[in-house]
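J.: Read off the chains here:
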Amino acid sequence: MTVKYEPVIGLEVHVELSTATKVWCNCKNEFGAAPNTNCCPVCMALPGALPVLNARALEYTVKTGLALNCEIPHYAKFDRKNYFYPDNPSNYQISQLDLPLCVGGHVEITLADGTTKQIRIQRIQLETDAGKLLHAGDDVAEADSSLVDFNRAGVPLIEIVSEPDLRSAEEALAYLNKVRSIIKYCGVSDVKMEEGSMRCDVNISLRPVGTERYGTRAELKNVNSFSAAARGIEYEIKRQTAILEDGGEVEQETRSWRDAKGISVTLRSKEEAMDYRYFPEPDLPPVVLTAEEIDRVRASLPELPDSIMHRMMNEYGLSAYDASVIVAEKEFAEWFDRAVLLAGKANAKAVANWQTNELNRVMNARGLGPDQIPLSPEQVAGMLKLIEAGTISGKIAKTVFEKMIETGKDAATIVKEEGLTQVADEGELLKIALEIVAANPKVVEDWKSGKAGAAQWFVGQMMKATRGRANPQLATKLVTEALEQHAGQG
Amino acid sequence: MAAASTYKLSATRLNRLFLAGELSAVEITESVLQRIKTVEPKVTAFLTITAERALERAKKLDSRRRAGDTELGALAGVPVAIKDNLCTDGVPTTCASQILKGYVPPYDATVVERLHGSGALIVGKTNMDEFAMGSSGENSSFGVTRNPWDPNRVPGGSSSGSAAAVAAEEVPISLGSDTGGSVRQPAALCGVVGLKPTYGYVSRYGLVAFASSLDQIGPFARDVEDCARLFSVIAGPDRRDSTNAGRTPPAIKFGGEPSLKGVKLGVPREYFAAGIDSEVKARLDEAIRQLQALGASVAECSLPHTEHALAAYYIIAPAEASANLARFDGVKYGHRTSGASGLLEMYGKSRAEGFGPEVKRRIMIGTYALSSGYYDAYYKKAQQVRTLVMRDFEAAFAQFDALVTPTSPIPAWGLGEKTEDPLTMYLADVCTIPINLAGVPALSVPCGFAGGLPVGMQLIGKHFDDHKLLQYAWAYEKVTNHAAARPALEGGL
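Chains as they are written, first to last, in the working numbering: chain B, 1 to 490; chain U, 1 to 493.
Think of the hints as simulated: they come from the structure by calculation, not from any bench.
Glycine included, every Cβ here is placed at the ideal spot set by N, Cα and C.
The reader is advised that the hints may include incorrect statements.
To be verified - Computed footprint of chain U on chain B; a stretch qualifies when at least three of its residues, placed anywhere within it, have a C-beta under 8 Å from a C-beta of chain U:
no.	region
1	46-55
2	82-91
3	265-279
As the list claims (entries may be wrong) - Examples of chain B residues toward chain U, derived with CB under 8 Å:
no.	residue
4	P41
5	P282
6	L284
7	P285
8	V288
9	E292
Said to hold, decoys possible - Quick list of in silico lysine-lysine cross-link-like pairs, DSS-like style, CA-CA up to 25 Å:
no.	chain 1	residue 1	chain 2	residue 2
10	U	K332	B	K77
11	B	K132	U	K349
12	B	K132	U	K332
13	B	K77	U	K349
14	U	K281	B	K28
Turn these sequences into a full structure, and let the hints steer you where they fit.
T.: Structure, rendered in structure tokens:
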């Protein structure tokens, strides 16, 4: 009998906070400035310089913790994590070892099959980002020299450590998306993987299905995108399964993910593991937070995606899937709410349909981000109003929709300019129907002999003749009338 | 009118004469620079002399005074020397280490800003044990400073130059830093007054860190009033130092009949244990009798964990130092080796070439103490001892206003006498180290001589009782003539 293995995955997600200034000094926290222009004695660790905690970074960390259902202890402290590397000017990182700012939270993830699962969060700590190295050459091993840019040194970074509750790449991806979404709602980070403001390390081990004890884990570093995380996990599952099935043992080690090659390689074995020699940071007093201070941060939390999702399902009857797509991005949810406000609650489901199908399709095809929605809520509401009034058909609406995105004009203008008004004049439509019936005796015979689809063919011809502007219900009714009239005459 | 002996005047006196228009800042500065020129070859207290900058400031100060500016400051016109671990914008700050040779900071330490703001004239940066690690000044990588009372003896350390410069009348006042006794011990050995303020009273911003939880900048002076004046200038709130208490010391007034009536003094017996020089003990006994004569009540007491303080200190201070000194890596500033082919080799060689033996020893001790598997046995244990030492003081201060001890169990020793034996050298700080662990203030005030060498009495107070210690010391100084004693440097060395 072959043993089946189950992956056990925990993630350490690093998020740069979007405070105006760095965590220990007043230097600007901005992406893309000329190298070494946002630096001072503190963030360059010049002799004698001392750190002062940025109150906003503290607030943002607590806010994130509350949004992720963490407990905020009243007493936290900072520690020094010692290691030498040129991107770290002091050669120690100010981090948090045993008393972090947030402990014991959780998030709920929704999987593709609609099932939900709670993923526990162990802790969130506030720490310091390092500078950036630029190597003269393809990589560090071949570089003749390296340059250091300290602009990022001292940018506030939070590390969100999950419990090992994830069991697949899909779950890991859902977790990452959920955490990202919540952080974005909180407005504490722009969470852009491509700018490095969100990064993650993956801890993964395997164990026989049905057993409790964790296997030996590998830590995967240099995972630079969500999809890379998924690929890295899939690769590790295969790699570790192969070792176990061969009767081998997985080594406890730190591995580096090489996304281009789709493999992971050993970075450090257990024996080579770093000894960070943590000790309490003597330059910073412990952080003492009162219940009132924590409550003040709690009061500043926006409505979070889970709550919005439930509101959309209960108030508007959206499906869980549609609601989850809409709330995944703060901009989508805001767009939806505005469109519903303009189009009326009765149109909420229609808004959701257009948003999750047509709009999503266009945005994916064009590679647009959530901050680049190419259609305004006003435009879509205007279009829905025209449908509601019977001015245009749902079919015509698709054309109007495309034109709105193309031109930026509102629906009414497009309908007017293009002459897309629905034809609902019975007399006119009946005349067309009679003409079509008269011109197609063979199909009329089909209809008479009860051939399925013959009537529908005539409706199609009606739409063709009116360039889709015929009211579909009316067209169906009049085609029947015309056929019966024609039969009566014949 | 400037006299040839202007440099001999106290800071308080110089400030008064300057404000009254009787002496110009330039005259004062020139007199002091001349004195430095004369005795510096015999003392070598300075690493850098900033004559031009000082004279430029002096000129500006003079014109401001002539223009009727009345906000010139408590140290206006007063030359001051500062230890070379205090950052000075545009002036080399080396910590007496090869690794920082030629390093010029782009900013001023808070205390330097405060000195400038008070009208003080910084005339130079003083020699010290490398990175403030040492008790004799001999760990400087730029040469030794000599004790003005005996050129063959050490001035004490680590603020060797700052103490010697004041004792040799090169400057009336100076700043040092005190992590385990580095202000008080050289003050005692050089026969001047030195204060280690309450931890958190003086901003550490711009003080090159040795052990962050113990470091405190402190003043040297030839009398208590000058010491208090300098302390009042440097102490106070600073948002750039998160460990700063945000407190401004109360105004300290001296005058009237010296009296210690109602003051309860404790004499901890552990500080008079084996190892104390008999003459030092005799001077302390005399001083205690004088304190009693001033009206103080004196009783013996005990600080039972004193014997463990030294061991705890030599874990905690090196542990913090091992991290604080990690930034000296050859990457950003300071010495970088010329012969390395890779990163690790560059780190290793730059640091091996840049740090002296005592600094290396302490980095290694600290690194070891923090290592995985040893942390609980060393660092954690040491922190627990530190808590016990603090409690000793809390218990003593429930009974006493201040404690009286020797500053150093022995007077100045010969140059080279203890350099081969670091442990014996460490013992020289046995009376001063517990104070840093507890974070309380303490000062050393001259209390006579042992074999022609100065002896210091240490007064230890409660947190933020620095002003009271200064008042007690002032009363004691008034009824003795120790402050008037000067080494005879003119006779040639």
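J.: Count residues of the region 265-279 of chain B with a Cβ under 8 Å from any Cβ of chain U, then say if the count reaches three.
T.: holds (count 4)
J.: For U:K332 and B:K77, compute the direct alpha-carbon distance and say whether it is at most 25 Å.
T.: Answer violated: U:K332 to B:K77 is near 29 Å, above 25 Å.
J.: Within a Cα-Cα threshold of 25 Å, do B:K77 and U:K349 meet the stated pairing?
T.: 35 Å, violated
J.: Would the hint on B:P41 be counted as holding, given a Cβ-Cβ threshold of 8 Å to chain U?
T.: 5 Å, holds
J.: What's the verdict on U:K281 and B:K28, does the C-alpha distance respect the 25 Å limit or exceed it?
T.: 58 Å, violated
J.: Please check whether B:V288 passes as an interface residue: C-beta within 8 Å of a C-beta belonging to chain U.
T.: Hint violated; B:V288 Cβ to chain U Cβ min 13 Å, cut 8 Å.
J.: Min Cβ distance, B:P285 to chain U: is it shorter than 8 Å?
T.: 6 Å, holds
J.: Within the assertion that chain U covers the region 82-91 of chain B, do at least three residues meet a Cβ-to-Cβ distance smaller than 8 Å?
T.: As far as the region 82-91 of chain B goes, the hint holds, because 6 residues have Cβ atoms under 8 Å from chain U.
J.: The hint names B:P282 as touching chain U; please verify it with the least Cβ-Cβ distance against 8 Å.
T.: Given a least distance of 4 Å, the restraint on B:P282 holds.
J.: Against the 25 Å threshold, does the CA-CA distance of B:K132 and U:K332 hold or violate the hint?
T.: 14 Å, holds
J.: Are B:K132 and U:K349 close enough, with their CA atoms no more than 25 Å apart?
T.: This hinted pair holds, its Cα atoms lying about 24 Å apart.
J.: Against chain U, run the beta carbon of B:L284 and see if the smallest gap drops under 8 Å.
T.: 5 Å, holds
Taken one by one, the earlier hints fail for this structure at numbers 8, 9, 10, 13 and 14, listed in ascending order.
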